[in-house]
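If you want the building blocks of each chain, they are given just below.
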Amino acid sequence: MRMHPPSAVQRKDLAWLALAVVLAVLPALPAVGGNSFRMHVLILILLFASMAQAWNIIGGYGGQVSFGHSVFFGIGAYGAGMAVVTYGGSPWPGILIGMLTAAVVAVLISYPCFKLSGHYFAIATFAIVEIFNRMFLVWYWVGGALGLDYPLLEEGLRNLMWYDSKTGYYYCALALFALVFGIVRFLERHRFGYYLRAVREGQETAESLGVNSTAVKLGAMALSAALSALCGAFFVQYNFRVDPPMVMSLDMSMKFVLVTILGGTGTLAGPLLGAAVLIPLQEYTRALWGGLGAGVDLIVFGMLIMVIVIKQPAGITGIVRDISRRFDRRPAAAKGGPSLDLA
Amino acid sequence: MTLLDVREVSKKFGELVANDRVSFSVDPGAIVGLIGPNGAGKTTLFNCISGLFAPSSGRVVFDGADITGLPSHRIARLGAVRTFQVVRPLKDMSVFDNVLVGAFLRAPGSAQARATAEACVRMCRLEEFAGKPAGDLPIGCKKRLELARALAAGPKLLMLDEVMAGLTSTEVKGAVELLRRIRDTGVTLLVVEHIMEAIVPIADTLVVLDGGVKIAEGPPGQVTRDERVISAYLGAKFSRRLQARKEERPHA
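Residue numbers (the numbering used here), protein chains in the order written: chain A, 4 to 346; chain B, 5 to 256.
If we strip away everything but chain B, and leave its shape as in the complex, we get:
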């Protein structure tokens, strides 16, 4: 039983093919990383899955239901919730109220929504900013806010679009730890990420896109050694470094 099944999804903008017959699936409880160079079509694919765009062809099946071309609010209601790469705080609302908007999706009433929002704010370490307007946060906190808000919506599948970009290495470590904790609560994760040190240790599967086409899929150890992936994205030097690091700490 797969939670998300992407079948032959293509997306064309005029003559430009941003995604060309991409297929992959996500099992429940897994962390799947979606990687690839800039312009590979990762965010476009995300937008096709989350309903921001309708795919030009192909199907997206989530939790047994065909969600191809559904409006994004319906997809979110079914339990697939995303964050945005370019952060989109609801600027004039407080951090807490931002998260509360997400929490209302599953909560039957205001009191439960407040409790959920409070837990998510705490989980993403935003307590000290809770009362501040979301527009005034520094970038790292805005990224955490994206995460807290999506988390509050109680997703089955959480789709994160580069939540770690622009963070310091200490912040990345914290974020990786947070993703593990989220997975442990039973949420499945589909993560677009550029920071290989962050995604390789936690991903169960990596899907690699290049030029809109899927060029590899498999466990990180295998994918990071794949010749095509190395030449398209990682580079030989980086691949060796990643392997060396893995041999030092095999269970990292």
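Same shape as in the complex, but just chain A:
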């Protein structure tokens, strides 16, 4: 008996590949590509799915719930922003520097914080957001409270800017999505991913099996922060401006956490499912009510989270799994065999 049939692994990968192909041809449909608002919603879904997935590395797979990820998101945003605005160049070197800086900052912050366990770690990360928010507000070199406003530059990949059409941004967001999800899918199947989940499930047990839990957590945090910074850089390129409350805020941090919890923490599909629910909710309520609707999406979202936490803590992936079990009459499923392909 083969315990992990390789065909199941391939099926899951094929399903994701098919999804990527569908996403790649989506702008060719006039109903999507011709509607700038729909494109905008899709771009944000891909961005927030990627960002939630970056958070999921340490928060879901690693079980270290961090409310500090808007700091790394912000560092990436400022990396790109300063390269363009302050130094008048291409955003790309700034993106790389931002990712590296975010990884280093993440390790420096997490090393003492990982000595705290459970809720204390989460509380410590709250404080970090506030510290960075205040610091960037008064730091003249990074633009202070005014933030950075982008000049008009030539559009294209070099400057990572487009004005008339959102197609360029869409494909960049899709590339970002493929990169982040690809990395997590790779981790899921290899040593590091198993070690990370083992540390979440039982640190002493993992240590007894030769896992250096501190190194694993710090490594996951660094990777998670670097990918968050990449998402932040995309965010600033898309908005043409950045200021501290826009990126480094508890609201932003909360969004990354809640998207993942709604979708299902520690699963590959969770961040995408969560973003696919929250982002349209957020954008359509804003379009409908404008400034009056601010926060309506969060009210609805808060209620959704309450229902999820009470009824199905595994999130949307858990609900989908329950439903597919109910309809799936194959004996393998009855015995708790291979679960949902996408999850």
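Worth flagging that the hints you see were computed from the coordinates, not collected in a lab.
All values derive from a computational prediction rather than experimental measurement.
There's no promise every hint is true.
SDA-like, lysine to any residue: derived pairs with alpha carbons at most 20 angstroms apart [as the list claims (entries may be wrong)]: (1) B:Lys-16 - B:Gly-73; (2) A:Lys-118 - B:Leu-56; (3) A:Lys-314 - B:Asp-96; (4) B:Lys-95 - A:Gln-206; (5) A:Lys-118 - B:Lys-16.
Following the hints, put chain B in place on chain A, whose structure we already have.
Using the frame of chain A, we list chain B on its own:
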């Protein structure tokens, strides 16, 4: 050449002395049983050897290297792997994935790790549970999972903390057979056990702790007749029963 050398190890928790200058050694290829009444300090000693606690004084030498006070992951890497008395399954991971985590310690890549994990799952008869979350297993299977996971890490010294507690007598027989098979693959075993019927027939040496102090060490036949061991732990009736059983089946 000894594989594990425990020298004068003491462990104090405040005023409480859990281990008081305990010394013993384990030869490669042997099965050594660590026995004693509840609260004798067996698990504490285990924790000192495996790096969960640092001993208050004394040294632990494993395979020629001083491992006193090293973090447990370093000790596991050197080849001394333990199980826990209170089982610690990685609950949300499948049984197979639990074992796979252990297997990654020695395997160069995922494919080899999977092969090792599969062999260990089979050896501990967990095949039918392989895909289930480890948290859902019945207790007997959780004990076998502890064993399979530690075994997958390819240890030179396997330290088992009461893997047979709570098992039915049929399960104990199977477990004893399994320990023999593991020893035959060249793994040295240090076993904490309460079930004398299980440990006496297979142990080459028994080390007896009482109140944190070593009170006897030697081959099982000699130790089970030792007056101090009988009064501290076995009781006279049990000792006679054990002797009688041995005379019936001298090579059991």
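Verification of the supplied hints:
1. Of the supplied pair hints, the one linking B:Lys-16 and B:Gly-73 holds, its CA atoms being roughly 14 angstroms apart against a limit of 20 angstroms.
2. Distance check on the hinted pair: A:Lys-118 and B:Leu-56 sit about 16 angstroms apart at the alpha-carbon level, within 20 angstroms; holds.
3. Restraint check: the Cα-Cα separation between A:Lys-314 and B:Asp-96 comes to about 18 angstroms, which is no more than 20 angstroms; the hinted pair holds.
4. Proposed proximity of B:Lys-95 and A:Gln-206 is supported: the alpha carbons are some 12 angstroms apart, at most 20 angstroms.
5. Of the supplied pair hints, the one linking A:Lys-118 and B:Lys-16 is violated, its CA atoms being roughly 24 angstroms apart against a limit of 20 angstroms.
Hint compliance for this structure: hint 5 alone is broken.
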